[in-house]
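Trainee: Using the sequences provided together with the hints, build the complete structure.
Order-wise, the sequence lines are chains H and C. The opening residue of the first sequence carries number 1 in our numbering; numbering runs sequentially from there. The opening residue of the second sequence carries number 1 in our numbering; numbering runs sequentially from there.
Note that these hints are calculated values from the structure, not bench results. Ideal Cβ placement from N, Cα and C applies to all residues, glycine included. Don't take each hint at face value.
[Unchecked claim] To give an idea of the interface, some chain C residues facing chain H are shown, with a C-beta separation under 10 Å as derived from the structure:
hint, residue
1, 19
2, 23
3, 24
4, 31
5, 33
6, 40
7, 43
8, 45
9, 48
10, 51
11, 81
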Amino acid sequence: MSAFASVAPPYNMPATSRGDTLLNDTAEARSRALNQFLASVELKAYKIAQAGLRHQDDALDAVQDAMLQLARAYADRPAEEWKPLFYRILENRIRDMQRRRTVRGRVMAWLPFRKDEDDEESDPIAQAPSPDLPPVARLELDEAMTALDGALRQLPNRQRQAFLLRNLEGLDVAQTAQAMGCSEGSVKTHYFRALQALRLKLGDFEL
Amino acid sequence: MNASDGEPSQSTLLQSGLEVRSRLVLEEGLSRIDARTRSRLNQARQAAVAEAANGSALAWLQRAFTRHALMPAGAAAAAALIAVFMLSGGHHLPPSAADSPASALDVLDLVTDDDAMNLMEENDSSFYEWAAAQGDSPGQGGPGAGQGAGGTTT
Chain H
1 MSAFASVAPP
11 YNMPATSRGD
21 TLLNDTAEAR
31 SRALNQFLAS
41 VELKAYKIAQ
51 AGLRHQDDAL
61 DAVQDAMLQL
71 ARAYADRPAE
81 EWKPLFYRIL
91 ENRIRDMQRR
101 RTVRGRVMAW
111 LPFRKDEDDE
121 ESDPIAQAPS
131 PDLPPVARLE
141 LDEAMTALDG
151 ALRQLPNRQR
161 QAFLLRNLEG
171 LDVAQTAQAM
181 GCSEGSVKTH
191 YFRALQALRL
201 KLGDFEL
Chain C
1 MNASDGEPSQ
11 STLLQSGLEV
21 RSRLVLEEGL
31 SRIDARTRSR
41 LNQARQAAVA
51 EAANGSALAW
61 LQRAFTRHAL
71 MPAGAAAAAA
81 LIAVFMLSGG
91 HHLPPSAADS
101 PASALDVLDL
111 VTDDDAMNLM
121 EENDSSFYEW
131 AAAQGDSPGQ
141 GGPGAGQGAG
151 GTTT
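Mentor: What follows is the structure, encoded as C-alpha cells:
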C-alpha cells in the first residue's frame, strides 16, 4: 500500500482544464467539419433521393434522416469515411421508404376514395427558368433535364444508384461499392448497364 | 465497362460523352433546386450538427465522469473489497474442533459431570474412552449411560 501512497496523482486541475479545452476545440472542429461535409452533399443527396422516391417531401425526409443518423452514429469516425457512410445510410432509407410506399400502395388500392400521392403541387418559383441563360439554351437544357430525369426514373434502382453516385456525386468504384453495400465488380456492372440503358434512351444526348 | 473492352473506341467515346453531358445536366438540376428545399436542407443540416454536438458533449461528460468520479469510486470500491477479503479471511481457514458450538457444550458437560471430573483427576485412560463414547453418541448421555459409566468405576 505504501507504494501506491507514494505515487503522485496522474492529473491535476490545470492539466484537466487544458484537456477540457482541447476536447472542446476538437468537438468544435468536428462540428465545423461535419457542417461543411453535409453542406457539400445535401443538394446531391436530395437529388438522388428525389430520383429514387419521386416525391419532394419524402426525399427531404430521407436526406434529413440520413444526416441525423450519420451525426448520431458516425460523427466520431474519420471525416474521409463520412461520404460512403452517408450515402449508405441514405440508400437504405430510400429503399425502406420505397418498400413502405409499395405496401401502402397495395393497401390504398383497395380503398374507394384514395388520393394519388404522386400528384405534387408545383412550386412556381422552383419552376421559374434560370435568368442567366438565353432562351434557346434554356429550352434545350430543360428538355435535356426532362429527358435525363425520365430515363433515370426508368432505370432499375441499383443501376440508378450506381450511376448517380458515380456520375453526380463523383464517388470512385470502391466508395460506391461501400455506399451500395456490394462488391466493386457489381458496381461496375450496374454502372455499365445504366450507361447502356441511358444511351439507348437518350442517344448521344447532345445539348 | 468490361463489356466494352472488345468494342471500338467510338463506343467508349460515346459513353464518355454521355457521362459528361449527363453530369452537366445533373449539376444544372442542382442549381435549380428551389429556395424552400434549400432552406429545409439547411435546417436538417443544422439539426444534425446540433445532434452531433450534443453527442460530443454527452461523450465528454461521460469521459469526465469516468475520470473524475468513477476513478476515486473505483479505488474506494477496490479498498472496500480488500478490507472485506482481509476481514473475512479467517472464515476460509479450516475450523478447529474446539471452535464448534457442539464441542463447547460437550466440554461443559464433561466439566459439570462429577464422575467425569473424578476420572480425569485420577488420570485413568478409561475416562477418555468414556468421553469419546459420550461424544460419538449423544443419546447415551442419559441416566442409563451414567449408570454404565459408574459401573466401570466400581
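Trainee: Are the hints correct? Go through all of them and say.
Mentor: Evaluation of the provided hints:
Checking residue 19 of chain C against chain H: minimum C-beta separation of about 6 Å stays under 10 Å; hint holds. Interface hint at residue 23 of chain C: satisfied, since its Cβ lies 5 Å from the closest Cβ of chain H, which is below the 10 Å cut-off. The restraint placing residue 24 of chain C at the interface with chain H holds, with a minimum CB-CB distance near 7 Å, inside the 10 Å limit. Here the hint on residue 31 of chain C is kept, as its CB sits about 7 Å from the closest CB of chain H, short of 10 Å.
This hint holds: residue 33 of chain C has a C-beta 6 Å from the nearest C-beta of chain H, less than the 10 Å allowed. Taking 10 Å as the C-beta contact cut-off toward chain H, the hint placing residue 40 of chain C at the interface holds, the least distance being around 5 Å. A cut of 10 Å between beta carbons decides the hint on residue 43 of chain C: the least distance to chain H is about 8 Å, and the hint holds. For residue 45 of chain C, the shortest C-beta to C-beta distance to chain H is roughly 4 Å, which falls under 10 Å, so the interface hint holds.
The interface hint given for residue 48 of chain C is met, as the beta carbon of that residue sits about 4 Å from the closest beta carbon of chain H, less than 10 Å. Against a cut-off of 10 Å between C-beta atoms, the interface hint on residue 51 of chain C holds, since the closest Cβ of chain H lies about 4 Å away. Checking residue 81 of chain C against chain H by beta carbon gives a least distance of about 14 Å; that is not within 10 Å, so the hint is violated.
The structure fails hint 11 only (numbered hints given earlier).
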